[in-house]
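Q: Listed here are the chains, written in short residue letters.
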Amino acid sequence: MRLTLFGVQGLAFYVVILGAFYATPYSNPFFLLLGFLTLLGASSLFSTRRNVRGVALELGDFAPVVSGAEVRVPARVAVEGRARFGITVKIELENGQILQGRTDLLEGRANLFVQGPPMPRGAYTAKRAWVESTHPAGLFRAMTHVAPPAPLLVYPAPTEFADGHSTSQALGDLLGTSESAAGDLQPGGLRDHRQGDEVRAIHWRASARRGRLVIQEWEAGTAQGLEVVLDRRCDSDEFEEALSTISALVQLGHTNKETLRLHTQDLSANYGDGHLQWSEALRFLAQAESLPADGPPPPAASPSVARLPRERSHV
Amino acid sequence: MSSAKALRACTQVLVLINLVFVQMTEAAGLHALIPLYALTLAAPLLQRFAGNRAYLTAWNLLVMGIFGVLIWSVTRGDLGNVLEYGLILAVLCQVHLLNNLRLDQRPDLLFFNAFLIAVVAGYINRGSTFGLLFLAFVPPFLMGLELLAATGDGQEPGPRATGKLLRDGAKRSGVLLSLSLLVFVFWPRDFERKAFFHGRLDFTSQDDASASVGFTDMLSHRRRKSVGKDNRPALRIQVLDGDQAQVTSLWRGALLGITDGTSWEPLHPRVLRRSADVETDWVPIDTGHARRGAPPESVVQVSVQRLDPATQYAFVPASTYAVKPAEAGDLELQPSGGFQSRGEGSLSYELLLDADPAPEPGGTYEGRIPRALRPYIELPSSPNLDAAHALAAELVPDPEGTDQFRLVQRIANHLRENYSYLPPGSSDAPDSLAEFLGSEEGGHCELFASGFATMLRSLSIPCRIATGYRGDHWDPASGTLTLRMSDAHAWVEVYDPTAGWMSVDPTPAAFLAESKPGLFARAGAAVRSAWNAVTGFDEEARAQLFAWARTLPARGLAGVRSHPLATTGVLALIGSLLVLRRRRRTQDPLPVREYRAAIARAKITPLPGETPREILERATSNELEPVSLARLRSATEAHERERYAGRS
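Here the protein sequences come in this chain order: A and B.
So the first sequence is numbered by our numbering: it starts at 1 and just counts up by one.
So the second sequence is numbered by our numbering: it starts at 1 and just counts up by one.
Just so you know, the hints here were simulated from the structure itself, not pulled from any lab data.
Heads up, the beta-carbon is just placed ideally off N, CA and C, and yes, glycines get one too.
Hints are supplied without guarantee of correctness; some may be wrong.
List of simulated lysine-lysine pairs, DSSO-like, C-alpha gap at most 30 Å [said to hold, decoys possible]:
1) Lys5/B to Lys164/B
2) Lys90/A to Lys5/B
3) Lys90/A to Lys164/B
4) Lys90/A to Lys127/A
5) Lys194/B to Lys5/B
Simulated restraints on C-beta separations [said to hold, decoys possible]:
6) Leu18/A to Leu573/B: 43 to 53 Å
7) Ser279/A to Asn622/B: 15 to 25 Å
8) Ala20/A to Phe546/B: 51 to 61 Å
9) Arg596/B to Glu280/A: 47 to 57 Å
10) Lys5/B to Gly81/A: 24 to 34 Å
11) Arg596/B to Ser279/A: 21 to 31 Å
Computed, partial: chain A to chain B, Cβ under 7 Å [as the list claims (entries may be wrong)]:
12) Tyr22
13) Leu32
14) Phe36
15) Thr134
16) Pro136
17) Gly189
18) Gly196
19) Pro297
Using the sequences plus the hints, can you model the full thing?
A: Below is the structure:
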C-alpha cells in the first residue's frame with residue numbers, strides 16, 4: 001500500500017488545513033470539516049485495501065511475439081461478493097517496461113489482456129506481477145502480488161516472402177537458392193527419447209527391441225530442404241537481417257510442415273515435427289547474439305546448405 | 001453517461017456550490033458573481049475553445065488582472081478582508097480551471113481548491129446556510145473523486161461502470177457524513193481553545209462592531225453583514241431554591257440611555273450621579289454583596305455563572321433583590337444600577353429574585369418629568385428619528401390624561417404585530433431606524449428596542465434600553481438554563497410612576513410560538529435549530545446528549561410497550577427488507593433466470609444431464625413454434641455468455 005502522487009498532494013493539503021485549524025480559535029464547523037477530511041483519508045485507506053482483497057488473478061503465459069507487435073498476455077480476474085472498481089493487472093519486465101490491463105468494474109469474473117507497447121527482440125523475464133487499485137479516491141494504491149508468468153520472447157520480424165509459394169520458391173526468395181527444395185522427409189537415425197519429444201515420433205518396434213523409448217528422426221532427403229548455417233560473426237545489421245530470414249524460415253516450416261535444421265556456432269538443432277518445437281526456435285531467435293569477428297566458426301556443413309548472412313556466402 | 005461527462009458535471013456542480021459559498025459570505029456581491037455563474041453554467045459550451053490560445057490568454061489576463069486589483073485593495077485596506085479577497089480569487093481560479101482544463105488534464109487542483117473554499121466560507125459565515133451547502137457539496141465532491149481515480153490511467157470507464165461509481169460515491173457520502181457526526185460528538189477536545197496566534201491574527205472585519213451575535217453595551221442601527229451565530233454559552237443559571245417558573249427570561253447587563261440618532265450608549269456616570277437615578281437604592285450588605293428595598297415575601301435563589309469571556313458586566317434581572325458574588329469584591333455596583341466585575345472572563349454569583357407579584361403599573365401620563373428622569377427622555381434632533389416621531393404621533397395623537405401604561409402597550413403592540421423579526425445580518429434587514437419603521441419589513445431586536453424607546457421618548461415617557469440575554473429553555477435533566485451568545489437581546493425599560501422601571505420587550509416573540517408558520521418556515525427553523533446545535537456544541541451539550549442517550553433503552557422499551565402494533569409493523573417491515581435484500585444478493589444472474597423462464601414458456605422439460613445446446617437442438621428438431629424457438633435460442637446464447645464468457 002502506498003500513496004499516489006495525488007495522495008501526496010492531498011497529504012500536504014491536509015497538513016495545511018490542520019495548521020489553519022490550530023492557528024485559529026476553536027470552532028465547531030471547522031472541526032467538523034477537518035473531521036470529514038480526516039475520515040475521507042482514513043476511509044480511502046481502508047476502502048482501497050478492501051477493493052483488492054479477495055481478487056484472484058490467473059495469468060496466462062506470454063506467447064512469443066514478433067518484434068514491433070504489441071505484447072499481450074491473457075488474464076482472468078475473479079472475485080466473489082461485492083463489485084470491485086478500477087482493478088488493474090500489471091506485469092513488470094526486467095527492462096522496467098510495465099504491461100497493464102484493466103477492468104473498470106469487476107463483478108464475478110472478467111477476462112482481459114495485459115498489454116504493452118512493441119518491444120525489440122529479446123527474452124524478457126517478468127520480475128513481478130500484481131493486481132492494484134486506487135479506488136475510491138485515488139489517494140492510495142493497494143497491490144496484491146502474484147507469481148509472474150514465464151519470460152516473454154520477442155522474436156525478429158520475419159523477412160517477407162510471397163504467400164502461397166511452395167517451399168522451394170520461398171527458399172528462393174529468402175535464401176536465393178535455385179535448387180529444388182526437399183519436399184520429402186527421409187527417415188534419419190534413431191535416438192533415445194528426450195523429454196518434450198512427441199509421442200507419435202516414438203519408434204515402437206525399436207523401443208521394444210531396445211527396452212527403452214527411441215525416437216525416429218526424420219530429415220530432408222537428398223534435396224537441400226530447410227537447412228541453414230548461421231555464422232554469427234557479423235555486424236548487428238547483418239545479424240538482425242539473418243535472424244529475420246531464419247524467422248521467416250521458421251514460419252515457412254511451421255506452415256508447410258517442413259523441418260528446419262539450423263547450424264550455428266554453439267547449436268545444431270532440428271525443429272519441426274518429430275524434433276524440437278518451433279517455440280524453441282523462436283527462443284533461439286529471441287536470445288541470439290552476434291559474435292566478434294575472431295569468434296569460432298559455425299559447424300561444417302555441406303556446401304549446398306544455405307548460409308546466412310547472405311553476403312558472406314558470396315565472399 | 002460517459003465518465004468524462006460525469007466528471008465534468010461533478011466539477012461544474014462543485015464550482016457552482018463554491019460560488020454560492022462565496023456569495024453567502026458576501027465577499028463579493030451578486031452583481032460581481034453573476035458573470036462567474038454564467039461562465040460556470042456555460043462551461044460545457046465553452047469547452048470547445050479550451051485549446052484555443054487566444055481564449056486561454058484572455059482568461060489568464062482576466063485572472064491576473066483581478067489578482068492585481070485584489071492585491072492593491074489589500075494593501076490599501078486592512079487585513080480583516082484578506083480572507084474575503086482570497087475567497088474571490090479562489091473561486092475565480094475555480095471557474096478558470098473549469099473552463100480551461102483540457103479533457104486529458106487532471107482537475108486535481110480544482111478539488112483541493114473546492115474544499116479550501118468550503119473551509120474558509122465556513123470560517124467566515126457559520127450560519128445554517130453553510131451547513132446545508134456543505135451537505136450539498138459532499139456528494140459531487142466524493143463522486144468526482146471516484147471518477148477522477150477511475151480515469152487516472154487515461155482509461156475511461158464505460159456507462160455501466162460510471163453509473164456504479166456514482167452510486168458508490170453517493171453511498172460513501174452518506175457514510176462519511178454520518179461518521180463525521182459521530183466523531184464530532186464523541187471526539188474529546190478543548191472547546192475553549194484559543195488560536196495559536198491568539199491576538200495577532202484576527203480576520204474579523206474592522207467595519208463590523210460585532211461579526212457575530214452576542215452581548216454588547218452599545219447598540220447600532222446599521223445593518224451588519226455576515227453575522228455569524230455564536231452559540232458558545234454565555235450564562236449558566238441554576239435554581240438553588242424556589243420556583244423555576246418565577247425566574248425571568250430577561251437578564252440585564254447594560255443599560256443604554258443616550259442616543260445620537262443612529263446608536264445608543266450607556267449614560268455617562270456623571271450624568272447618572274447628577275440625576276440621582278431612581279434605581280440607586282442598592283445597599284451594600286458587606287463587601288461585594290448588595291440588596292435593595294424591603295425583603296420580598298417569596299424569593300427564588302439562583303446561582304449564575306458568567307461564561308462570556310469578553311465582558312465585565314454581570315447579568316442581573318430587573319427583579320433582583322440581592323446580589324452575592326462568589327468572592328468578595330468581585331462585583332462593583334454601577335451608577336446606572338447594574339453590576340460589573342473587575343475583570344473579564346468567568347464569574348460566579350448568586351441572586352435572590354423577588355418572586356412577589358409585580359406591582360401593577362399605573363399612573364397617568366402627565367408630560368412633566370422629574371429631574372432625575374430627564375436624561376431618559378432626551379433625544380437628539382436628528383433626521384434619523386423623524387420617522388419615529390411621526391409614528392408615535394400617529395399612534396398616540398393625544399396622550400394627555402391617558403393611562404401611561406396603555407400608551408406604552410399600544411406602541412409595543414403596534415411593533416409586535418406589524419413588524420417581523422429578521423435575524424441580524426439578514427440581507428433584507430433595514431439599514432436605519434427610518435427604513436425599519438417605514439417599510440414594515442422587519443428587523444432585529446436592536447431596531448425594535450431603539451424604535452420603541454425613541455417613540456416613547458418622543459412622547460416624553462422615560463425609558464432606557466437594556467441589553468443582555470433572553471431565554472427560558474431550562475434543561476429538565478440538569479435543571480439549568482444555558483443562555484448562549486446568540487441569545488443576546490435588547491429590550492426597553494419604561495419608568496412607570498407607580499411600578500417603577502418595568503421591562504417591556506417590543507420584539508415579536510419567536511415566530512414559531514406566535515404565529516402559525518408555513519411548512520418551509522418550520523423546515524427552515526428546524527434546519528437552523530439543528531445547525532445551531534452543531535455550532536453551539538460544547539462539553540455541556542455533549543453531557544446532555546450522553547444523558548439522553550442513556551435514557552434511550554428505557555424510552556425504547558416504554559415506546560414498544562405503549563405501541564406494540566406499530567412496533568411489530570416496523571420490525572416486520574425491516575425484516576422483510578432484509579430478507580428481500582439477501583434474496584436479491586443470492587439470486588441467480590438475470591440471464592440464467594431468463595433462460596429458465598424461456599424453457600418453461602416453451603414447455604420443455606430438460607432431461608438429466610442435458611446441456612442447454614442439446615435442449616435447443618431438441619426443441620429445433622421437435623419443431624417448436626418459431627417465436628418460442630427464437631426466444632429460446634436468444635436465451636440460450638445469453639445464458640452461455642453469462643456462464644462461460646465473463647465480463648470485461
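Q: In this structure, is the beta-carbon distance linking lysine 5/B and glycine 81/A contained in 24 to 34 Å?
A: holds (30 Å)
Q: Lysine 5/B and lysine 164/B: Cα distance at most 30 Å?
A: Holds. Lysine 5/B to lysine 164/B sits at ~15 Å (cutoff 30 Å).
Q: Using the Cβ atoms, figure out if alanine 20/A sits within 51 to 61 Å of phenylalanine 546/B.
A: Roughly 30 Å apart at Cβ, these two residues miss the hinted range, so it is violated.
Q: Sort out whether lysine 5/B lies within 30 Å of lysine 194/B, counting only the CA atoms.
A: violated (45 Å)
Q: Holds or violated: the hint that proline 297/A contacts chain B, with Cβ atoms closer than 7 Å.
A: violated (51 Å)
Q: For the restraint on glycine 189/A, tell me whether the closest CB of chain B is nearer than 7 Å.
A: Since chain B brings no Cβ nearer than about 47 Å to glycine 189/A, farther than 7 Å, the hint is violated.
Q: Is lysine 90/A close enough to lysine 127/A, meaning Cα to Cα at most 30 Å?
A: Roughly 11 Å between the alpha carbons, so the hint for lysine 90/A and lysine 127/A holds.
Q: Given the hint that lysine 90/A pairs with lysine 164/B, test it: the Cα-Cα distance must not exceed 30 Å.
A: holds (24 Å)
Q: Given a cut of 7 Å on the nearest C-beta pair, is the interface hint for threonine 134/A held or broken against chain B?
A: holds (5 Å)
Q: Range hint 47 to 57 Å: satisfied by the CB atoms of arginine 596/B and glutamate 280/A?
A: holds (50 Å)
Q: At a threshold of 7 Å, is the proposed contact between leucine 32/A and chain B supported by beta-carbon distances?
A: holds (5 Å)
Q: Tell me if the interface restraint on phenylalanine 36/A is satisfied: Cβ within less than 7 Å of some Cβ in chain B.
A: holds (4 Å)
When the structure is compared with the earlier hints, violations turn up for hints 5, 7, 8, 11, 17, 18 and 19 and for no others.
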